[in-house]
Amino acid sequence: MRYGIYVVPAAIVLTLGSLACKPPKSAEELKQETQAAFNEGYQAFKDGKARATNPYMNDQDNPHKKQGWFDGWDKAAADKAAADAKAAADAKAALDAKAAAEAKAAADAKTAAEDAARRAADAEKAAAYRRAAEAALKNIHFDYDKAEIKAGERAILQGIADFLKAYPAAKVQIEGHCDERGTNDYNLALGNKRAAGALAYLKTLGVDEARLSTISFGKEKPLCTEAKEGCWSQNRRGEFKLK
Amino acid sequence: MLRFLIRTFLCLVAVAGLRAQQTEVVLTASSSAKLVLGMTPPKLTGLDVASVGAEFTAVLRRDLDETGVIATLQERLPAEGAATAAWKEAGAQWLLSVRIAKSASGDLQLDASVLDTSAEKGVFTRTYNVNRIVPLRQVAHTLADDLVGRLTGEKGVASSRVVFVRQLGDGIKEIFQVDRDGAGLIQLTRHGSLTLSPTLASDGRLAYVTYKGGAPEIWGQKRKDGPHERLYPTGPAGMMLSSPAWSPDGKRLAFVQGDRRGNTDVMVLELASGRVRRLTDGAGINTEPCWNPSGTQIAFTSDREGGPQVFLMQDDGSNLRKLTQEGSYNASPSWSPNGAMVAYVSRFEGKFDLFIHKLGEGKAYQITTGVSTSESPSWSPDERRLVFTSNRFGSAQLFTTDLSGRQTVRLSDLGACQSPRWIRGR
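Here the protein sequences line up with chains A and B, keeping their order. This note's numbering puts the first residue of the first sequence at 48, with every later residue one more than the last. This note's numbering puts the first residue of the second sequence at 8, with every later residue one more than the last.
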C-alpha cells in the first residue's frame, strides 16, 4: 500500500483513458476505406484528371506510365460530341434571338418615334433653360470697398429671382470678386461680404436660401488686369453660376 | 532691502559683463554704422575653373551688402597681393581672405579668415566643406551668416528662404520657395487650383488655403516634413475659410471663417485637441490674423469702423484696441520677430505703401514711396529687412527693403507673385 496513492490513480487514468479512446479500426473498415479511395482515384482517372502518382500503385503498375494503355474512352469522339451539341444549341439560340429581334423591332419602331419626340422636347427644354439662365445670370457690380447692392443692379437681381422661380430645380452659386486694390486676404473677406449681400437681396425677393450658395475669390480671379478704373469696375463684381 | 538691490544689480552687471566677454560683440544691432570689409579674391588650388572664385565672391558680396551691418569695399581696391596696411589705407576695417582647395576625394574645402586691419590680428577663422549636399553657393550664405554673427552676436539671414504664392495659369496659383537671393526655386504644392495665404511655423511646417475641392479648405503639415493634409474640416457649403497663421509655438492655428451673412471672424484651432474658438464676434470683416512673437496677442484687420484698420487683441479675444490711427485703408499686419514693431500696408495717395508702427513710440513710419503699389510685408528673421511684393516693374514681383526704405532690392525676376513669408531654416 506504500505506493498505492500513485499506482491506483494511474491505473484508473490508464483504464478510463483507454476506454475513452477510439477503438482500433477493424479489418473490414480498413478494406472499405481502401476501396473508397481506390474508387475515387479510378473515377478521377476515368475523367482524365487522375493523379500522376497513385499512392496505391508503384510506377510499374501505373497505367499512366505504361505505353499503349487504353480503357475504351475515346477523347476525340467525346470532343466531337460536345462540339456538335454546342453547335446545335447555338443554332437554336440564334433562331430564337432572330424571332425576338423581329418582334422587338416592331415595338422599337413605335417607341423610337416617341423617344425622339421626347428627347427633342427635353433638348428644347434644356436649351430654353440654358437660354433663360444665360439671360438672367448677369454680373452685378459694386463700388470700391463696398458690398451694398447699388440701385442700378436691382433689375438684374430681380431677373435672377424670376429665373429661379421659373425653374424650381435650379441652384445658383454666387461668386464675390474684387479689384486688385487692397490686400489678398481682406479682399477674400470683402468678396464673401459681396456674395452675402447679393444672397440677402435675393432672399428679400422671395428666393429660398437653400438654393443659393456663396463663394469668394477675392482678387484672385480678375476679368482684366489693367491698372485703371475701367478695368477695376469690371472686376468688382458678383457672378452667378448654375450649380 | 537696499543692500539686496545693490547685490542684485552687481550680479546683473557681472553676468552682463561675462556674456559680453563670451560673445565679444563688436557692434550692437541697433547701431546704424556699417563695418567696411575688404575682400581679397579667393585663392584657388586644384581647381581649373577661375569663374568659381568670381561667382563665390558675387554671391557673398550680395549677401553681405544686404545684411545692413557690413559694407564691402568696392572702390580704390589695392592691387592683388597688397599688404594689410594697403587695405587699411583703402578704408577696410576687416580683411577677408578665402582659400578654396580641392581635396583628394574631389570635394572642396574652403578656409575663410578675417583680419582686423588696425589691430593686425585675426578675428575670424573657419573651415567649410563643400560637396554635392552643401554647394558652394550655400557655403557663401553660411559664411555671410557667420561673419554677421561674429560682428553682431546674432546670426545673419543669408541662408534663409522666402515662401510665396505664384500664379501659374488662369485660376491656378501654387506655393513656391526660393533662396533669399533669388536662387533655388522649388515648387511646394501641386493642387492645380487656387492655393493662397501660406503661413510657416518656426519649424518650417506649412499651412495654406486651397480651392482644390471647389470651396476653400485649410491644408498644411501636422508634423515637420510631414504630408500636406486638410487641417480643418470643411463645414456646410458656403463657408469661407482664409488666412491661416501658425502661432509662434506651432501648436495653434489662427484662421478666418466667413458665414453666409457676410461676416468673417478670426478663429483659433488647437491642433492637438482639434478645439476651435472664435475670437472676434460681430458684424463685418475680421481677417488677416498675425501673432505676436510670444503668442499672447493677435493683430488683425477689421472694417468694424468703416474702412479696414489694424486692431490688436489678446489671444482669447479680450483687450481689443485699434493700432492704426491714420489713413482710410490699413491692412495686412505683420508683427516683427522681436515684437516691438508691426508692419502693415496702407493706402497712400491712391496706391499702397508699407508702413511700420513702432509699438513703443506709438508712431507709424512710411517705408516705401513712389507711384507703384507695395503689399504683403513679411519680416526677415533678424528684423533688419522686409520682403514684400511690388508692381513697380509691371507684374507683382518680390522685393526686400531695409527699414529706412532706401535700400530696396529685387529678390527675383519672377512675375505674378504674392503673399511672401520669410523664414529661417526651411
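The hints are simulated quantities; they were obtained by calculation from the structure and are not laboratory data. Note that the coordinates shown come from a computational prediction; the quantities given were computed from them, not determined experimentally. A couple of the hints might just be wrong.
Think about it this way: if two alpha-carbon atoms lie no more than 30 Å apart in a straight line, the pair counts; the simulated DSSO-like pairs of lysine-lysine are [unchecked claim]:
#1 B:K162 to B:K370
#2 B:K109 to B:K128
#3 A:K172 to A:K78
#4 A:K275 to A:K185
#5 A:K185 to A:K122
#6 A:K127 to A:K139
#7 A:K193 to B:K370
#8 A:K78 to A:K93
#9 B:K358 to A:K193
#10 B:K365 to B:K329
#11 B:K219 to A:K185
#12 B:K258 to B:K231
#13 A:K185 to A:K93
#14 B:K219 to A:K193
#15 B:K128 to A:K268
#16 B:K219 to B:K258
#17 A:K172 to A:K145
#18 A:K290 to B:K365
#19 A:K288 to A:K197
#20 B:K41 to B:K370
#21 B:K219 to B:K231
#22 B:K162 to A:K288
#23 A:K151 to A:K139
#24 A:K185 to A:K157
#25 B:K358 to A:K268
#26 A:K197 to A:K218
#27 A:K275 to A:K288
#28 B:K358 to A:K197
#29 A:K193 to A:K288
#30 A:K172 to A:K218
#31 B:K358 to A:K275
#32 A:K193 to A:K172
#33 A:K290 to A:K172
#34 A:K193 to B:K329
#35 B:K219 to A:K218
A quick look at each hint next to the structure:
1. The straight-line distance between the Cα atoms of K162 of chain B and K370 of chain B is roughly 29 Å, inside the 30 Å bound, and the hint therefore holds.
2. Straight-line distance between C-alpha atoms of K109 of chain B and K128 of chain B comes to about 27 Å, which keeps the hinted pair within the 30 Å bound.
3. Annotation: proposed proximity of K172 of chain A to K78 of chain A is violated, straight-line Cα distance about 83 Å (limit 30 Å).
4. Taking the CA atoms of K275 of chain A and K185 of chain A, the gap is about 23 Å. The hint holds against a cut of 30 Å.
5. Among the hinted pairs, K185 of chain A with K122 of chain A is inconsistent with the structure: their alpha-carbon atoms are about 79 Å apart, more than 30 Å.
6. Between K127 of chain A and K139 of chain A the CA atoms are separated by roughly 19 Å; this keeps the pair inside 30 Å, and the hint holds.
7. With a CA separation close to 29 Å, the supplied pair K193 of chain A and K370 of chain B stays within the 30 Å bound.
8. For the given pair, K78 of chain A sits about 22 Å from K93 of chain A by alpha-carbon distance, which is consistent with the 30 Å threshold.
9. Taking the CA atoms of K358 of chain B and K193 of chain A, the gap is about 18 Å. The hint holds against a cut of 30 Å.
10. For the suggested pair K365 of chain B and K329 of chain B, the alpha carbons sit about 14 Å apart, so the restraint of at most 30 Å is met.
11. A threshold of 30 Å between alpha carbons decides the hint, and for K219 of chain B with K185 of chain A the separation of about 26 Å falls inside it, so the pair holds.
12. Between K258 of chain B and K231 of chain B the CA atoms are separated by roughly 12 Å; this keeps the pair inside 30 Å, and the hint holds.
13. Of the pairs offered as hints, the one joining K185 of chain A and K93 of chain A is violated, with about 82 Å between alpha carbons and a cut-off of 30 Å exceeded.
14. Straight-line distance between C-alpha atoms of K219 of chain B and K193 of chain A comes to about 28 Å, which keeps the hinted pair within the 30 Å bound.
15. Only pairs whose Cα atoms come within 30 Å are accepted, and K128 of chain B paired with K268 of chain A is rejected, the gap being roughly 60 Å.
16. Restraint check for K219 of chain B and K258 of chain B: satisfied, since their Cα atoms lie roughly 25 Å apart, inside the 30 Å limit.
17. At roughly 38 Å between alpha-carbon atoms, K172 of chain A and K145 of chain A are farther apart than 30 Å, so this suggested pair is violated.
18. A hinted pair counts as satisfied when its Cα atoms are at most 30 Å apart, and K290 of chain A with K365 of chain B does not qualify at roughly 49 Å.
19. Under the criterion of a C-alpha separation no larger than 30 Å, the hint pairing K288 of chain A with K197 of chain A is consistent with the structure, at around 20 Å.
20. For the hint pairing K41 of chain B with K370 of chain B, the CA-to-CA distance comes to about 26 Å; that is within 30 Å, so the pair holds.
21. Restraint check for K219 of chain B and K231 of chain B: the C-alpha separation of about 23 Å stays at or below 30 Å, so the hint holds.
22. At roughly 53 Å between alpha-carbon atoms, K162 of chain B and K288 of chain A are farther apart than 30 Å, so this suggested pair is violated.
23. Using a Cα cut-off of 30 Å, the hinted pair K151 of chain A and K139 of chain A holds, with the two alpha carbons roughly 18 Å apart.
24. Pair hint K185 of chain A plus K157 of chain A does not hold up; C-alpha atoms about 43 Å apart against a cutoff of 30 Å.
25. A threshold of 30 Å between alpha carbons decides the hint, and for K358 of chain B with K268 of chain A the separation of about 20 Å falls inside it, so the pair holds.
26. For the proposed pair K197 of chain A and K218 of chain A, the alpha carbon gap of about 24 Å is at most 30 Å, so the pair holds.
27. Only pairs whose Cα atoms come within 30 Å are accepted, and K275 of chain A paired with K288 of chain A is accepted, the gap being roughly 27 Å.
28. For the hint linking K358 of chain B to K197 of chain A, the alpha-carbon distance of about 25 Å falls within 30 Å, and the restraint holds.
29. Taking the CA atoms of K193 of chain A and K288 of chain A, the gap is about 22 Å. The hint holds against a cut of 30 Å.
30. For the hint linking K172 of chain A to K218 of chain A, the alpha-carbon distance of about 17 Å falls within 30 Å, and the restraint holds.
31. A hinted pair counts as satisfied when its Cα atoms are at most 30 Å apart, and K358 of chain B with K275 of chain A qualifies at roughly 12 Å.
32. Distance restraint check for K193 of chain A and K172 of chain A: the Cα-Cα separation of roughly 38 Å exceeds the 30 Å cut-off, and the hinted pair is therefore not satisfied.
33. Distance restraint check for K290 of chain A and K172 of chain A: the Cα-Cα separation of roughly 18 Å lies within the 30 Å cut-off, and the hinted pair is therefore satisfied.
34. At most 30 Å may separate the alpha-carbon atoms for a hinted pair to count; K193 of chain A and K329 of chain B meet this at roughly 21 Å.
35. Proposed proximity of K219 of chain B and K218 of chain A is supported: the alpha carbons are some 21 Å apart, at most 30 Å.
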